[in-house]
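**Student:** Construct the complete structure from the given sequences, taking the supplied hints into account.
At position 72 of the sequence shown (counting the first as 1) the number is 72 in full-length UniProt numbering, and the numbers step up by one without a gap.
It is worth saying that the hints were derived from the structure and are not from the lab. No experiment lies behind these values; they were computed from the predicted model shown. All residues carry an ideal CB built from backbone N, CA and C; glycine is no exception. It cannot be assumed that every hint is accurate.
Claimed, not checked - Between beta-carbon pairs, the in silico distance windows are: (1) L46 with R91: 30 to 38 Å; (2) R47 with T74: 50 to 58 Å; (3) R58 with D79: 18 to 26 Å.
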Amino acid sequence: MPAVPASLSERPVATSVCATPQPHATHREMVYARDGHKGIGLPTRLRGTPGSPGASPRPFNSGAVCVLNSLGFTALEIDQLFADGIVPMPRLDAGHAAQA
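**Tutor:** Dropping the structure here:
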């Protein structure tokens with residue numbers, strides 16, 4: 001089998017912006033909107049099952065404090081990481097920064 005040039009194998013067939021408005025994507029319920037988030041449904045599913053995930057995505061960086069704590073960082077060190085911009089502030093929704 002001949003090798004496929006890297007430039008061909010890394011490119012998507014269609015971007016999500018191009019694929020989601022297609023009639024078959026709507027018919028197959030592959031686009032969903034929930035809690036202000038619009039996304040692409042599950043790529044494979046069984047007949048008669050919903051094409052949307054069971055839960056909404058978690059807010060951006062919502063687990064940062066928990067992860068940093070599990071790595072041994074103190075609350076003071078974590079606050080400094082946020083203050084210095086080394087770790088982005090967690091977001092609640094619609095881009096509002098959460099309290100660390």
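**Student:** Check each numbered hint against the structure and report the violated ones by number, ascending.
**Tutor:** No numbers; nothing is violated.
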